[in-house]
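Number of protein chains: 2
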Amino acid sequence: MDKLNVIKVGGAVVEDTASLELLLNQFAFLDGNKVLVHGGGRRATKIAASLGLESKMVGGRRITDSDMLSVVTMVYGGLVNKTVVAKLQSLGVNAIGLTGADMDIIRSHKRPVQKVKLNDGHEEMVDFGYVGDVDKADGKALKALLANNIIPVIAPLTHDGQGTILNTNADTMASTVAKSLAPFYDVTLTFCFEMPGVMHNPEDENSVIKLINAKTYSKLKAEGVISGGMIPKLDNAFDALSKGISRVVVTHYNDIAAKNGTTIV
Amino acid sequence: MDKLNVIKVGGAVVEDTASLELLLNQFAFLDGNKVLVHGGGRRATKIAASLGLESKMVGGRRITDSDMLSVVTMVYGGLVNKTVVAKLQSLGVNAIGLTGADMDIIRSHKRPVQKVKLNDGHEEMVDFGYVGDVDKADGKALKALLANNIIPVIAPLTHDGQGTILNTNADTMASTVAKSLAPFYDVTLTFCFEMPGVMHNPEDENSVIKLINAKTYSKLKAEGVISGGMIPKLDNAFDALSKGISRVVVTHYNDIAAKNGTTIV
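One line per chain: the protein sequences are L and X, in this order. With our numbering as the guide, the letters of the first sequence map in order to residues 1 to 265. With our numbering as the guide, the letters of the second sequence map in order to residues 1 to 265.
Errors might be hidden in some of the hints.
[Claimed, not checked] Here are the computed distance ranges between Cβ atoms for each label pair:
#1 X:Lys3 / L:Asn148: 20 to 30 Å
#2 L:Leu51 / X:Gly60: 22 to 32 Å
#3 L:Lys46 / X:Leu211: 49 to 59 Å
#4 X:Ser218 / L:Asp135: 34 to 44 Å
#5 X:Asp2 / L:Leu22: 43 to 53 Å
#6 L:Asp16 / X:Asp2: 40 to 50 Å
#7 L:Leu51 / X:Ser227: 37 to 47 Å
#8 L:Glu54 / X:Gln26: 38 to 48 Å
#9 L:Lys140 / X:His109: 29 to 39 Å
[As the list claims (entries may be wrong)] A few chain X residues that face chain L, going by a derived Cβ cut-off under 7 Å, partial list only:
#10 Ser50
#11 Met74
#12 Gly78
#13 Leu79
#14 Lys82
#15 Val85
#16 Lys87
#17 Ser90
#18 Gly97
#19 Leu146
#20 Ile150
#21 His159
#22 Gln162
#23 Asp255
Note that these hints are calculated values from the structure, not bench results. Only a predicted model underlies this, so the values are computations on that prediction, with no experimental measurement involved. Just so you know, even glycine gets a beta-carbon here, dropped at the ideal spot from N, CA and C.
Sequences are here, hints too, so could you generate the full structure?
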């Protein structure tokens, strides 16, 4: 099976021109089949603020009313996505920018009003608005592009098939894309962020845990080494692994080949 | 040769939800190979104004500084393009949104500072900023999509191959796309706008000139029937015809099959 790298890069890296440049240069040099999935939340928050719109988040997720949907459609699908595509073209990568609506690659449904546990522990009914929970992805359509050496650059937007764009979490987009391509490739799903990997001690950059498997994960959780926001991320990683992805990597954005990151198998 | 329709729809239609819906419904029902090219200038002007940016136009063309480039990239490549793609998907059209940067389909160069004749007749040196004049288009890449029943929806943005997006006139985009596909298809290039076609008398909707050819065009110009802003449009049409396009149609956006429009051959 051919190898495929699905690289997810978050809003903080996308926001900073120098970091983005660094990331895209590495992405361009990555051999073989690859897909880039990007966020853009920080840029969306800034532009929303310039337009007089306040960004409301619940549990790290953006409440997306109709005006905010216009903002994320503009920023993720237009500004960030096309900036990245043009940069990759200049680096010799034949990139194509996509949302879930393009070629119907990712279909979702509007998240129903639901009970959410807030940070202070109490539960509340929350209407996230135009936020999409993924139903299905068309790996074959993406494979057809890759077969022609066209590299997908995917923005965190999906559609409901009824004509409505929906704001969708970029981590979810990345694992959805990776899972949809797992029948055709040996897939590595890499999450790039501002830390070198999963660390024994978050204060110590030299304490990266090189390898985590189901057994060591239980142990690390029991010992309290892995806690808080890292738990849902790693739960997602193990879910992806159970759906045919070969390995999940958590690494710094200046090290996407993950010489020093954490590999989850 | 298979038939292909390249439909260009301008900013005024795109801006109005009901007009856009009407246009997209007709586009969905159009048989065979088709490409949609859209504008979005009015929306860009509104959003720029909300962001505190003034839109400066010279000779109907937008001066595009760095902030304005961000706005048009967001609005054309994101908001308008993805809204149209999602709507078309809901109508059963397997649309894909593209700018010139995606798959490197349209390459351009930044327009040099140049002498421009202003409305009052005097000439001035004008720096249009991040505006692209088209160098080349990759009809083969578009044909490969069409061969898989994927319908391109093209935003008026190109790139320079050096990593920079450039704002590009939507009429020019449409004729560029049509010309690039002329070697492979019998191409009709249709410009949809708010008038039923080229008219003998602009006040009389029943005075549409059904057919214009090079001979009648000279006559109509000499008689003063065709004048002003219609002349560059028709000059472009004849240029397109000389580059392999079979026919150019000017018609109302509620009549894209052009039962009542003007056909230029």
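Do the hints match the structure? See the list:
no.	hint	verdict
1	X:Lys3 / L:Asn148: 20 to 30 Å	holds (25 Å)
2	L:Leu51 / X:Gly60: 22 to 32 Å	holds (27 Å)
3	L:Lys46 / X:Leu211: 49 to 59 Å	holds (53 Å)
4	X:Ser218 / L:Asp135: 34 to 44 Å	violated (59 Å)
5	X:Asp2 / L:Leu22: 43 to 53 Å	holds (46 Å)
6	L:Asp16 / X:Asp2: 40 to 50 Å	holds (47 Å)
7	L:Leu51 / X:Ser227: 37 to 47 Å	holds (41 Å)
8	L:Glu54 / X:Gln26: 38 to 48 Å	holds (39 Å)
9	L:Lys140 / X:His109: 29 to 39 Å	holds (37 Å)
10	Ser50	holds (5 Å)
11	Met74	holds (4 Å)
12	Gly78	holds (2 Å)
13	Leu79	holds (5 Å)
14	Lys82	holds (4 Å)
15	Val85	holds (5 Å)
16	Lys87	holds (5 Å)
17	Ser90	holds (4 Å)
18	Gly97	holds (5 Å)
19	Leu146	violated (13 Å)
20	Ile150	holds (6 Å)
21	His159	holds (4 Å)
22	Gln162	holds (5 Å)
23	Asp255	violated (23 Å)
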